[in-house]
Amino acid sequence: MRIADNEIPYLYLRVLVSKNYGEIFNNSSKMEFMANSISNSITNSDDLNVALEKAFDSKLFKSNSLKRMNEFQNLKNYLGKYLYSTNVLKILFNCLSLIGPLTKESLNENKKIDLNDFARKVAKDKLIEEGDKAIEDLIENWSQYTYEASQIIKNNLANELVEKLEKAFSNSTHRLDSNLNKVMANSSLAEFHRRAQNAGKSQAGDGLEKCVGLILEHIGQKLESVPQQITGMLEADHVIRKGGKSHGYMIVISCKTTGRERIKQAVVENKYELLKLKVSRIIWFFRDCDVTQDKLLQLGPRGHIIYLPDKSSKFLEFSSNSECKKFVRPLSSIRDTIDDFFDPTYE
1025 MRIADNEIPY LYLRVLVSKN YGEIFNNSSK MEFMANSISN SITNSDDLNV
1075 ALEKAFDSKL FKSNSLKRMN EFQNLKNYLG KYLYSTNVLK ILFNCLSLIG
1125 PLTKESLNEN KKIDLNDFAR KVAKDKLIEE GDKAIEDLIE NWSQYTYEAS
1175 QIIKNNLANE LVEKLEKAFS NSTHRLDSNL NKVMANSSLA EFHRRAQNAG
1225 KSQAGDGLEK CVGLILEHIG QKLESVPQQI TGMLEADHVI RKGGKSHGYM
1275 IVISCKTTGR ERIKQAVVEN KYELLKLKVS RIIWFFRDCD VTQDKLLQLG
1325 PRGHIIYLPD KSSKFLEFSS NSECKKFVRP LSSIRDTIDD FFDPTYE
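In the working numbering, the protein residues as written are 1025 to 1371.
Quick caveat, the hints were computed from the structure, so don't treat them as lab data.
Misleading hints may appear alongside valid ones.
Stated by the list, open to error - Quick list of simulated restraints, FRET-style, between CB atoms:
#	residue 1	residue 2	range
1	Lys1191	Ala1028	17 to 27 Å
2	Ala1028	Glu1153	49 to 59 Å
3	Ile1152	Gln1322	32 to 42 Å
4	Asn1088	Glu1241	47 to 57 Å
5	Glu1153	Pro1325	33 to 43 Å
6	Glu1031	Glu1153	47 to 57 Å
Each residue gets a CB set at the ideal place from its N, CA and C atoms; glycine is no exception.
Produce the complete structure using the sequences and hints provided.
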């Protein structure tokens, strides 16, 4: 089926990034070879099918993997399906020589930015403004802060990308008309947002750790360098200590989005073994606490404490159980309660 030239750019952009067609946009060498080959073919007025063959005539498109070879063949077949004019060849050239590399550059910039740094700034401002009142909701709100930051960053990078592309199109070796340039820029913008969203779905892995670190710093606790391997099973996200390394007890801080796997490991260690390592308590913080009452009653006597937001359903559940409530504390009370846990005899 023959389609209009202005419908081709987005189709080409999607296929050039697809895993099923070799992910050409993730490989600078392949993009450069294909762009140079196509440029020469346009200059030499090569037959369109010959131009396409030449664009794949490189060891870059050879592989011992049959699957990989099939991906390259799929790409060649797809590109050839719409390659019925020199204008389409120019579209492919500009996709490979300009859109691919510039989009890759913008996506790499997006990956390098730590959204948690932005969240930390917003959270720190909240703590300065509201004091300890802000502590209870800080963990819950952290993901919202990173989300807002990600949208602002992606929007700024997208605007910069369009500006770079518009300039590049006007200086392209094989220029297209203004209408096609506009289509190319819009297609690039849509594809950038899609890929940036997929690439940045989660920096939440260490977001909780940074949020808890900020809370501890806010209440005057000094954090030691991390990570620290306490035992073969137990790694600390943060360590705080009273009395110095030579004779003081430490509290190990463990931060988890959910607790299922880490909790299984923690049950292995008993309180006596932890005390030999000068660990007074292990304190847990969760983004989504999935610890059951039975599991908490296994952990608590082994020296574990969980801090939870005051209004959370898990805190209300645990605190309504006379046995469980000994091993949980409301997050809003952390300034007044955490020092108790440096004393291994505290009940």
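Could you see if the CB distance from Lys1191 to Ala1028 stays within 17 to 27 Å? Given a distance of about 26 Å, which is inside 17 to 27 Å, the answer is holds.
Looking only at beta-carbon atoms, does the pair Asn1088, Glu1241 fall within the given range of 47 to 57 Å? holds, 53 Å
Outcome for the supplied range 33 to 43 Å, where the beta carbon pair is Glu1153 and Pro1325: holds, 40 Å
47 to 57 Å as the expected CB spacing between Glu1153 and Glu1031, which holds or is violated: holds, 52 Å
Could one say that the CB atoms of Ala1028 and Glu1153 fall in the range 49 to 59 Å? Given a distance of about 55 Å, which is inside 49 to 59 Å, the answer is holds.
Between the beta carbons of Ile1152 and Gln1322, is the distance compatible with 32 to 42 Å? Distance hint for Ile1152, Gln1322 holds at roughly 39 Å.
The structure is consistent with each of the numbered hints, conforming to all of them.
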